[in-house]
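Read top to bottom, the protein sequences are chains A and B.
Just so you know, we're using this note's numbering here: the first sequence kicks off at 1 and counts up by one.
Just so you know, we're using this note's numbering here: the second sequence kicks off at 1 and counts up by one.
For the record, the hints were derived by calculation from the structure and aren't laboratory data.
Backbone N, C-alpha and C fix where the C-beta goes; we use that ideal spot for every residue, glycine too.
Keep in mind that the hints are not guaranteed to be accurate.
Ranges between beta-carbon positions, derived for each pair [what the hints assert, rightly or not]:
no., chain 1, residue 1, chain 2, residue 2, range
1, A, Gly223, B, Gln348, 57 to 67 Å
2, A, Ile479, B, Tyr384, 48 to 58 Å
3, A, Gln247, B, Ala399, 45 to 55 Å
4, B, Gln344, A, Gly60, 21 to 31 Å
5, B, Asp340, A, Ser7, 43 to 53 Å
6, A, Asp93, B, Leu104, 43 to 53 Å
7, A, Ile54, B, Gln344, 44 to 54 Å
8, A, Arg397, B, Leu347, 33 to 43 Å
9, A, Lys22, B, Ala396, 29 to 39 Å
10, A, Arg397, B, Glu360, 34 to 44 Å
11, B, Tyr384, A, Asn323, 38 to 48 Å
Residue strings, one per chain:
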Amino acid sequence: MNNIVLSMKAIDKRFSGVHALKQVDFDLREGEIHALVGENGAGKSTLMKALTGIFPKDSGEIHYMGKLFNPHSPKQALNAGIAIVHQELNMMDHLSVAQNLFIGRESTKLNGLLLDEKEQNRKAKQLLAKLNMNIDVELKLGRLTVGKQQMVEIAKAVSYNLKVLILDEPTAALTDAEIEDLFTIMRDLASKGVAMIYISHRLDEIGVISDRITVLRDGELVGTRNTSELTKEEMINMMVGRVIYEQPKSKSNVASDAPEVLRVTNLNAGEQVKDVSFCLHKGEILGFAGLMGAGRTETMRALYGEDEATGTIEVNGKKVLINTPMDAVKLGIGYLSEDRKRYGLATKLSVIENSVMASYMELSPSFLLNEKALASETRKYVQKLSIKTPSMDQYVRNLSGGNQQKVVIAKWLIKNSSILIFDEPTRGIDVGAKSEIYALMNELVKEGKSIIMISSELGEVLRMSDRVVVMNEGRITGILDIEDATQEKIMALATRYK
Amino acid sequence: MDTIENVELRETKSIINMQKLLAPLALIIIYAFFSIFGRNFLSFTTLVNILDSSYYIGFIAIGVTFVIITGGIDLSCGTVMMAAAIIGGTAYKTWLWPMWLSLLLILFVGTAFGFLNGILISRLKLPPFIATLGTQMISLGIGSIVSNVRSATFPARGAPDSWFKSIFKFITVDNSSIPTGAIVLFITAFLAYILLNKTKMGRYIFAIGSNKDAARLSGVDVQKWEMMAYVVGGFTAGIGGIAFAAVYTTVMPAQGAGFELYAIAGAVIGGTSLSGGAGSIFGTMIGVYIMSVLRSGLPSMDLQAQYQTFFTGIVVIGAVLLDIYRNKKASEVKMLTPADQFKQERLQAIEQHKQKLVQETDPHKKAAIRGEIQKIKSDMQATYKSMRKEEKEQRARLALEEKEFQMTIQDK
Numbered sequence: 001m002n003n004i005v006l007s008m009k010a011i012d013k014r015f016s017g018v019h020a021l022k023q024v025d026f027d028l029r030e031g032e033i034h035a036l037v038g039e040n041g042a043g044k045s046t047l048m049k050a051l052t053g054i055f056p057k058d059s060g061e062i063h064y065m066g067k068l069f070n071p072h073s074p075k076q077a078l079n080a081g082i083a084i085v086h087q088e089l090n091m092m093d094h095l096s097v098a099q100n101l102f103i104g105r106e107s108t109k110l111n112g113l114l115l116d117e118k119e120q121n122r123k124a125k126q127l128l129a130k131l132n133m134n135i136d137v138e139l140k141l142g143r144l145t146v147g148k149q150q151m152v153e154i155a156k157a158v159s160y161n162l163k164v165l166i167l168d169e170p171t172a173a174l175t176d177a178e179i180e181d182l183f184t185i186m187r188d189l190a191s192k193g194v195a196m197i198y199i200s201h202r203l204d205e206i207g208v209i210s211d212r213i214t215v216l217r218d219g220e221l222v223g224t225r226n227t228s229e230l231t232k233e234e235m236i237n238m239m240v241g242r243v244i245y246e247q248p249k250s251k252s253n254v255a256s257d258a259p260e261v262l263r264v265t266n267l268n269a270g271e272q273v274k275d276v277s278f279c280l281h282k283g284e285i286l287g288f289a290g291l292m293g294a295g296r297t298e299t300m301r302a303l304y305g306e307d308e309a310t311g312t313i314e315v316n317g318k319k320v321l322i323n324t325p326m327d328a329v330k331l332g333i334g335y336l337s338e339d340r341k342r343y344g345l346a347t348k349l350s351v352i353e354n355s356v357m358a359s360y361m362e363l364s365p366s367f368l369l370n371e372k373a374l375a376s377e378t379r380k381y382v383q384k385l386s387i388k389t390p391s392m393d394q395y396v397r398n399l400s401g402g403n404q405q406k407v408v409i410a411k412w413l414i415k416n417s418s419i420l421i422f423d424e425p426t427r428g429i430d431v432g433a434k435s436e437i438y439a440l441m442n443e444l445v446k447e448g449k450s451i452i453m454i455s456s457e458l459g460e461v462l463r464m465s466d467r468v469v470v471m472n473e474g475r476i477t478g479i480l481d482i483e484d485a486t487q488e489k490i491m492a493l494a495t496r497y498k
Numbered sequence: 001m002d003t004i005e006n007v008e009l010r011e012t013k014s015i016i017n018m019q020k021l022l023a024p025l026a027l028i029i030i031y032a033f034f035s036i037f038g039r040n041f042l043s044f045t046t047l048v049n050i051l052d053s054s055y056y057i058g059f060i061a062i063g064v065t066f067v068i069i070t071g072g073i074d075l076s077c078g079t080v081m082m083a084a085a086i087i088g089g090t091a092y093k094t095w096l097w098p099m100w101l102s103l104l105l106i107l108f109v110g111t112a113f114g115f116l117n118g119i120l121i122s123r124l125k126l127p128p129f130i131a132t133l134g135t136q137m138i139s140l141g142i143g144s145i146v147s148n149v150r151s152a153t154f155p156a157r158g159a160p161d162s163w164f165k166s167i168f169k170f171i172t173v174d175n176s177s178i179p180t181g182a183i184v185l186f187i188t189a190f191l192a193y194i195l196l197n198k199t200k201m202g203r204y205i206f207a208i209g210s211n212k213d214a215a216r217l218s219g220v221d222v223q224k225w226e227m228m229a230y231v232v233g234g235f236t237a238g239i240g241g242i243a244f245a246a247v248y249t250t251v252m253p254a255q256g257a258g259f260e261l262y263a264i265a266g267a268v269i270g271g272t273s274l275s276g277g278a279g280s281i282f283g284t285m286i287g288v289y290i291m292s293v294l295r296s297g298l299p300s301m302d303l304q305a306q307y308q309t310f311f312t313g314i315v316v317i318g319a320v321l322l323d324i325y326r327n328k329k330a331s332e333v334k335m336l337t338p339a340d341q342f343k344q345e346r347l348q349a350i351e352q353h354k355q356k357l358v359q360e361t362d363p364h365k366k367a368a369i370r371g372e373i374q375k376i377k378s379d380m381q382a383t384y385k386s387m388r389k390e391e392k393e394q395r396a397r398l399a400l401e402e403k404e405f406q407m408t409i410q411d412k
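In isolation and in its complexed conformation, chain B is listed as follows:
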């Protein structure tokens, strides 16, 4: 009988683990699926492709995770990233700034937009959706204005000043590429993890997302820390801008709208709750790679790019549905009917017997207790069933009564 106890314990445990492991598991399954069924999917080149195409979304997804955990949203991260990149490119090409200063400018522009978002939302109390919708358009506009609607071309590989490209993609002498950008992304993700999980700032961000009122009444500087989440978002958009410039060389004006949706999707697939207070950097990275694998995997099955968006959409909806279901399960307040109460009482009785069973050493008595438990169990199941049935009938009767009463009242 104690095996049953163990099974139950294991079950509750496995449910918790399942929730955490669901996204990584999905990633592995999808990867394995394409490896088996896709043409030429399982290769180093494809892997590099998957990693390459994740950098810029990956960086802004990290930032947006901070924002979403506060209960907010950042619609501007994609266009801010591209605005920062094109401004940096213009600084290098047109204003003839040195490369290192141009790259710093990219980080600065991203962070500045983060500040702007933070001030609008935490101080001026704009709803995050509206505020970042506004800055999305502003950053889109500023990028075009500063670049004079010309694309900014960063130096091609091998040209002078192209050293920064090697940070994100290292080409060896025999012309094979090493995705060093992935390492940069992982380091950034690790630092973000430390910031979010191991510092006061991270704790405050979770507290604000879980219950802003309670955090404020506890003396937490809600304005400051909410703003810092957006600043982190802006900074990662800056890093994303550099990554984009390094991988794609040419930055077009008015680009970037829509990237934020992939970033948000990545966070959400990874288990970050849009209502705030829950989420993880690790989950977000998994979410980003799930989308990347889909993007590289579907063409290997002769499905064109449009299928990638289609399936990503399905994954997002599935992930959010799962999140809602999980939340509902966790916060469900169940009204106990007499039948439920009866069942609970019986379960308690069984629990008591089981405890006795553990203490009991005499095998003879042990068997007796086991028999007792079996009896209570079968009795419980039968009675519970009939009580449920009765309650159902009772409800039906009441409904009928109500109808009849309505009719008599109307007669009057």
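Bound conformation, chain A alone:
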């Protein structure tokens, strides 16, 4: 059982400006379940992407089954026996289980002229029986539960003569019973010699299922340990124990008698937002921490009227109804999305048109546009936020990420929104622009605006927030004053389940 199937040595990868993997070593033994943990952006997926050939590594060596292995595409990795099952399933709901299993390599008869569904179903049944999966192969995939669909995807991967199976957050969408089934199948596969890399944020599960644990932090290897020798607290310390260069905020800047501008009570929306209650004070930066999929963005979308939700919302002490984003905007709430190209900007339009998009009614109430007013207001904020653009008529798609972000911020400042929701405001932005945006946020709260900041970077949360809300699995697991908040405490709350 101790044969090493895969070893990665000194893997290094840089993206423009970001050192994503720093000389990472990783090895995998036959029949072992090896957990890979770390915060968002620690380099887990990057390492797996380098392994499966989604992009090339810059340097380092991968040895696979005793040979140098240099994959250039996921297909090549798959053919070599390395498969990855993602959190989001990549399968076709309208096809049957068997059709999904053998898509691209269907059984045929008459020299490939006709499909042989019978033979294919037989093979599918055989495959699933071998894996102890009890699934009707003729059922349409979409009729199965998510857990069963995932098993089908695993079975599909196994059918490629699999040696290494990578499971990326496989339990995120599963019920407890389904997780048990998944673990049974994983143990079964392990006994057949398949090595598994298990990526998860759920530290409790990792303690149950894995043999060894490798912790990454900021693209660096922190260490590989046997699961039996590692407690959850030690694991958390390994994950977050970084030196923070930026000084965390030592005490809240919010006056103790600052009025409440927003109170959310028992907000519920779909599977991702459950009984969320919190409040926001005037002049406060309220940090929202949590791991990916914790339900922070969903909470904000529900609050903003973009998704259907139940619960009560009070703005400035008055109960309000927010059914659409239009209502939210009228109440002075502005939303800066984590995906600014999709939800924030009309990239085919100019800086002016994007900046004033929410404010036509105020700036130009008459029938004909008052283009002078639009331009002068935009110019004011282009200067205030020092947006670097050759002209205000420039298409937004030609600006850099940081400047695009500033255009979205300008949109809400021009609208004079008093409650700003910043969802990952510094994602995909270079270091210089980042500190500019921090400075801007601090200035805005000084001017009396209130900010909700979702961030996956603990350093950012600790540096900017006056209070920190921690979410996990759609629920708030804790609200910390900044004086009490530490990386360890936040991470413990962010990984606390049920």
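We have chain A already, so just place chain B on it with the hints.
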């Protein structure tokens, strides 16, 4: 050396202008071509013909431009126009409505269908293609039902109540015709331009077409403004219906299918992007006239009507290909290889030298800097070439390696 800088500046500028001027330029070239090679093409009568045959397509093309800029499509505008015209004709002839009321009815029917489209698409969330395909058939049917499958004849010129014909074609006492309809079309186009480019509604329509999610999250009433685009489309179909009645007098039932395709083609030739967020009324008018000139010009070269459809098709495909190419150019994200990076660095160095050159006054030093730039340039070109070559070879090697690895794995 500063001449090079100027040339570069001019180049980027001219590319932008070129894109805007391409359609008008094509129109002029085609017109000139037929004037030279066609028989009797360059005459006032032909010009009147060209203008006459553009009215109804022109009006619905203006409307459909609004719709396409929102990212939608209107397949019903042609049949709605004809349904409105035949209903108006029936009202006049059979129900004995006064002429002015019948004409108002035409506008009303068109606008009502626009509302219907708008509600189906913005409120009930039907895909625009399906919704307007449905209303296309509905309007075709309603036209026939109301008219009882009889053609509606508007009063011929000179008969009582034929005053409205003069709006679109004015015949002078000495029997020469003045295409006043063109003036109506131009005024409508101008008003549409104001609506699209100088009002909040226009801005919202562009915003919705460019990014509906972003517009909604900015508090824009997306449902309302998306619907208004279809209402404009319906209203212009109504005007088109009146124009058709004025020019052709007799309106047959079950007519109009296919007109919408010419309207869409006109918008697309004029640079309106089918993915939404870009387009102009001016471009659409140019597109409509390009098709008209083809229609009148090809017969003058003894090519029959079927050639007109053929060439229009080619122009449409060419225009869309150009649009795709333009979009791709604009949104291209290029992965920089080391060779590209090297080239960029060098270009930056050259840029720096050029800035120095501008500040430098001493002609002696100026020459030295120029020499420097030349050196960097030739060095850059040579190194870039060899780096590119190396990268190509590297890729080939990797491909080979991959193949070999596949084979060893299969051996196992």
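Against the structure, the hints:
1. A:Gly223 - B:Gln348: 57 to 67 Å: Since A:Gly223 and B:Gln348 have Cβ atoms about 42 Å apart, the given range 57 to 67 Å is violated.
2. A:Ile479 - B:Tyr384: 48 to 58 Å: This hint holds: roughly 57 Å between Cβ atoms.
3. A:Gln247 - B:Ala399: 45 to 55 Å: holds, 50 Å
4. B:Gln344 - A:Gly60: 21 to 31 Å: With Cβ atoms ~27 Å apart, the hint holds.
5. B:Asp340 - A:Ser7: 43 to 53 Å: violated, 33 Å
6. A:Asp93 - B:Leu104: 43 to 53 Å: Because 51 Å falls inside the window, the suggested range holds.
7. A:Ile54 - B:Gln344: 44 to 54 Å: violated, 26 Å
8. A:Arg397 - B:Leu347: 33 to 43 Å: Violated, at about 22 Å.
9. A:Lys22 - B:Ala396: 29 to 39 Å: holds, 30 Å
10. A:Arg397 - B:Glu360: 34 to 44 Å: holds, 37 Å
11. B:Tyr384 - A:Asn323: 38 to 48 Å: violated, 58 Å
Consistency note: the structure conflicts with the earlier hints numbered 1, 5, 7, 8, 11.
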